[in-house]
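A.B. asks: Using the sequences provided together with the hints, build the complete structure.
Protein chains: 2
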Amino acid sequence: MTDALVLHGFWRSTASWRVRIALGLKGLAWTGVAHHLRLGEQNAPKYLALNPQGFVPALVVGDDVLTQSMAICEYLDDVHPEPALLPADALARAKVRAAAQVIACDIHPVQNLKVLKMLRKRGLDEAAANAWAAEVIESGLSAFAKLIEGNDGPYCFGNQVTLADIVLVPQLGNARRFGAKFGFGRIAAVEAECMKLPAFIDAAPDKQADAEG
Amino acid sequence: MTDALVLHGFWRSTASWRVRIALGLKGLAWTGVAHHLRLGEQNAPKYLALNPQGFVPALVVGDDVLTQSMAICEYLDDVHPEPALLPADALARAKVRAAAQVIACDIHPVQNLKVLKMLRKRGLDEAAANAWAAEVIESGLSAFAKLIEGNDGPYCFGNQVTLADIVLVPQLGNARRFGAKFGFGRIAAVEAECMKLPAFIDAAPDKQADAEG
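Quick note, the sequences are listed as chains A and B, same order.
Position 64, counted from 1, in the first sequence is what numbering that gives the first Met the number 0 calls 63; the numbers after and before it change by one each time, with no gaps.
Position 107, counted from 1, in the second sequence is what numbering that gives the first Met the number 0 calls 106; the numbers after and before it change by one each time, with no gaps.
Calculated directly from the structure, the hints in this document are not laboratory data.
Hints are not guaranteed to be accurate.
The list makes no distinction among identical chains, and a pair is therefore deemed to hold if it is satisfied within one copy or across any two copies.
Claimed, not checked - Okay, derived cross-link-like pairs now, DSSO-like style, lysine-lysine, Cα gap no bigger than 27 angstroms in a straight line:
| id | residue 1 | residue 2 |
| --- | --- | --- |
| 1 | K206 | K145 |
| 2 | K195 | K180 |
| 3 | K25 | K113 |
| 4 | K120 | K25 |
| 5 | K116 | K145 |
| 6 | K45 | K145 |
| 7 | K180 | K45 |
| 8 | K25 | K180 |
| 9 | K45 | K25 |
| 10 | K195 | K113 |
| 11 | K113 | K45 |
| 12 | K120 | K195 |
| 13 | K195 | K45 |
| 14 | K116 | K25 |
| 15 | K25 | K206 |
| 16 | K195 | K116 |
| 17 | K113 | K180 |
| 18 | K180 | K116 |
| 19 | K120 | K206 |
Given the structure is predicted, the values throughout are model-derived calculations rather than measurements.
C.D. replies: Below is the structure:
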């Protein structure tokens with residue numbers, strides 16, 4: 000594939016962060032276009048024409064636009080198989096995907112900016128909205144920790160960095176932001192191992208061009 | 000694969016419903032174990048030992064337990080490739096997965112029973128909780144409709160039933176329950192086509208052994 004890769008994202012968006020990690024693991028060059036979520040830039044008509052959902056990230060690949068971070072990561076894995084982000088065995092692959100989906104389906108969308116805004120519209124103050132986010136994150140990460148139990152480290156599912164690690168590390172960033180506990184099982188140890196890898200280091204929010212202090 | 004398939008689910012759970020459709024499309028025999036969600040049976044210690052997240056569905060495959068409905072559907076597709084639930088082309092596959100994830104990540108988990116309970120604990124009454132669900136469903140399905148635009152029918156992505164159809168049809172069941180609008184783009188036409196197929200007909204909630212009137 001020789002198409003230029005353009006990643007529409009936001010430095011602190013955990014879904015954008017996942018794709019940055021995957022691009023780094025695959026050794027792919029990309030350019031970024033930032034959309035400031037708190038300023039609502041993701042709802043500008045020009046961006047909605049790219050992604051009608053008004054969410055980041057979107058990855059432009061030639062004439063095509065890909066949305067949804069997990070679908071993007073799997074696309075990168077399909078087109079650039081090495082290093083693989085999923086195990087070769089179907090059962091093992093299903094378990095990695097399931098763990099990733101605990102975060103990508105059941106944690107992140109329930110505590111993202113859009114939901115917190117909906118809660119504030121219903122009268123919850125900042126502290127109550129943050130407590131909501133912390134509750135969702137703690138409950139989900141506690142289940143995630145049990146799903147990766149029984150696998151040796153260093154990563155979630157052994158010696159191979161997988162989609163599970165790619166979604167875990169950014170979610171821990173959100174855990175810190177919202178004051179959620181996350182010291183369940185091997186989670187902190189896995190994060191420490193991931194953060195030794197250049198792809199994870201370079202993808203961190205504070206390393207992005209649009210990062211704020 | 001000769002392992003017996005045991006699906007732990009609930010008749011009205013849309014995530015269980017997705018897996019029932021996929022099992023039907025693949026022509027696989029399965030037996031069901033019902034866990035009544037409103038009675039909290041998914042939080043019984045015996046079930047939590049199967050799925051620490053306390054969510055349905057879980058698919059028991061021999062000695063293994065698979066969780067998360069989309070991971071289960073992709074597992075079934077990996078092990079039983081015909082009929083394929085995803086296109087062969089990587090870009091096309093990414094677009095199907097992205098559309099499915101709009102529902103499986105950004106709609107369903109934000110309006111499921113667990114979240115509605117959290118809202119009621121924060122003082123929202125039944126009508127306000129249902130309005131929350133309707134808002135989430137309408138916003139998501141409106142984006143979903145745009146993502147499948149430009150593809151001819153009869154299904155979301157052409158002539159092949161895909162993961163996008165598998166998640167769409169159950170979500171429309173929830174749209175009706177919560178009084179959400181869903182007549183966006185081709186959505187209603189796709190549902191009508193899907194509901195001509197035995198796998199979709201047999202997977203409907205009211206056809207399940209644990210269905211209530």
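A.B. asks: Okay, which hints does this one fail, numbers in order?
C.D. replies: Those not satisfied are hints 1, 3, 4, 8, 9, 10, 12, 13, 14, 16, 19.
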